[in-house]
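Peer 1: Here's the letter readout for the chains.
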Amino acid sequence: MAPIKEVELDRVYEAPVDAVWSAWTDSTKLREWWGPDNVIITDCQVEVRVGGRFFIVMEAGKEMGAYAGTRWPMEATFTAVEPEVRLAYTAIAWTEGQKDETQIDQTTEVIFTSEGVKTRVRVSAAIHRLGPKAGTAAEGMRYGFTQQQEKLALYLSQKSS
Amino acid sequence: MVERSESLTAIFACLSDPTRRDILRRVAKRGLAIGEIAEAYPMSFAAVARHIEVLARAELVRKQRQGKHQLISINPGPLGSASRYLERYRELWEQRLDRLGSHLKTSNEGNNDGTN
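Protein sequence lines, in the order shown, are assigned to chains P and G.
Numbers given in the numbering used here equal positions in the first sequence, counted from 1, plus 27.
Numbers given in the numbering used here equal positions in the second sequence, counted from 1, plus 17.
Next up, chain P with everything else stripped away, as it sits in the complex:
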């Protein structure tokens, strides 16, 4: 079945491929970058083998106002693991307490290409099924972002006065 949404992204990082691979597959490193701003990673389990588990729980920080404390787990299984070359997984993600309405079924493939001291990362991510209230997570993050912008504006105005 064709996915309902597909995105492809292409980035080149100033880091060798082993470092980029490690950032994607080491749970300690994943915790540092996976979530959006204002989100804490409260659980992260990565079993890097085909059929292995990739489990991450994001929790909205207090900056997110009404959404603070909301937890967004992702439960995934690796479908391809080729060290420093390719990583693929199928996943479900949801808002805790509203699994039926918010569940998102997705697949992600990440291709790593070494370009000397740099690394090209290509991500193909697709959504195959989406619960009617799946937007809660996305809007929670935007809500937090709006507040951040306001804090920044306030900070800047205090600095200039």
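No wet-lab data here; the hints were simulated from the structure.
Incorrect hints may have been included.
Distance condition first, Cα-Cα at most 27 angstroms in a straight line; then the derived DSS-like pairs of lysine-lysine [stated by the list, open to error]:
{"id": "1", "chain 1": "G", "residue 1": "46", "chain 2": "G", "residue 2": "80"}
{"id": "2", "chain 1": "P", "residue 1": "89", "chain 2": "G", "residue 2": "46"}
{"id": "3", "chain 1": "P", "residue 1": "126", "chain 2": "P", "residue 2": "89"}
{"id": "4", "chain 1": "G", "residue 1": "80", "chain 2": "G", "residue 2": "122"}
{"id": "5", "chain 1": "P", "residue 1": "145", "chain 2": "G", "residue 2": "122"}
{"id": "6", "chain 1": "P", "residue 1": "32", "chain 2": "P", "residue 2": "126"}
{"id": "7", "chain 1": "G", "residue 1": "122", "chain 2": "P", "residue 2": "56"}
{"id": "8", "chain 1": "P", "residue 1": "56", "chain 2": "P", "residue 2": "145"}
{"id": "9", "chain 1": "P", "residue 1": "89", "chain 2": "P", "residue 2": "56"}
{"id": "10", "chain 1": "P", "residue 1": "126", "chain 2": "G", "residue 2": "46"}
Computed far set for chain P versus chain G, every beta-carbon distance over 12 angstroms [unchecked claim]:
{"id": "11", "residue": "29"}
{"id": "12", "residue": "72"}
{"id": "13", "residue": "73"}
{"id": "14", "residue": "77"}
{"id": "15", "residue": "78"}
{"id": "16", "residue": "80"}
{"id": "17", "residue": "86"}
{"id": "18", "residue": "88"}
{"id": "19", "residue": "104"}
{"id": "20", "residue": "111"}
{"id": "21", "residue": "123"}
{"id": "22", "residue": "142"}
{"id": "23", "residue": "143"}
{"id": "24", "residue": "153"}
Remember, predicted model here, so these are calculated numbers, not experimental data.
Cβ coordinates follow ideal geometry from the N, Cα and C atoms, glycine included.
Position chain G against the provided structure of chain P, taking the given hints into account.
Peer 2: Relative to chain P, chain G alone:
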């Protein structure tokens, strides 16, 4: 399409006000009467009612009559629709990959410290 961007503009205009965000936070857990909400703020009942009116126009809250009172509760629709998630999907990934970039930069600088 135009209609949709207008409603988004209304939502963001609405959320730009700290009192309105705070009201939204209060009614997120359970419906509250206007009087209960108004007690929490150092402003007139009418001023709080006006903020609630703005929230209602942006469809961020619902008003439901319950006996003598009108209860205000959050309307998750505009904020929680699945379509909005689809609109944001690329943006979420872009942000994630930006953060990966920052992470790689920081850990790389950490390594260089030892060798330089």
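Peer 1: It remains to establish, for every hint, whether it holds in the given structure.
Peer 2: Structure-based check of each hint:
no.	hint	verdict
1	G:46 x G:80	holds (15 angstroms)
2	P:89 x G:46	holds (16 angstroms)
3	P:126 x P:89	holds (22 angstroms)
4	G:80 x G:122	violated (50 angstroms)
5	P:145 x G:122	holds (12 angstroms)
6	P:32 x P:126	holds (20 angstroms)
7	G:122 x P:56	holds (13 angstroms)
8	P:56 x P:145	holds (19 angstroms)
9	P:89 x P:56	holds (23 angstroms)
10	P:126 x G:46	holds (18 angstroms)
11	29	holds (14 angstroms)
12	72	holds (18 angstroms)
13	73	holds (15 angstroms)
14	77	holds (23 angstroms)
15	78	holds (24 angstroms)
16	80	holds (20 angstroms)
17	86	holds (16 angstroms)
18	88	holds (14 angstroms)
19	104	holds (20 angstroms)
20	111	holds (14 angstroms)
21	123	holds (14 angstroms)
22	142	holds (14 angstroms)
23	143	holds (15 angstroms)
24	153	violated (9 angstroms)
Going down the numbered hints, you'll see the structure goes against 4 and 24, while the others check out.
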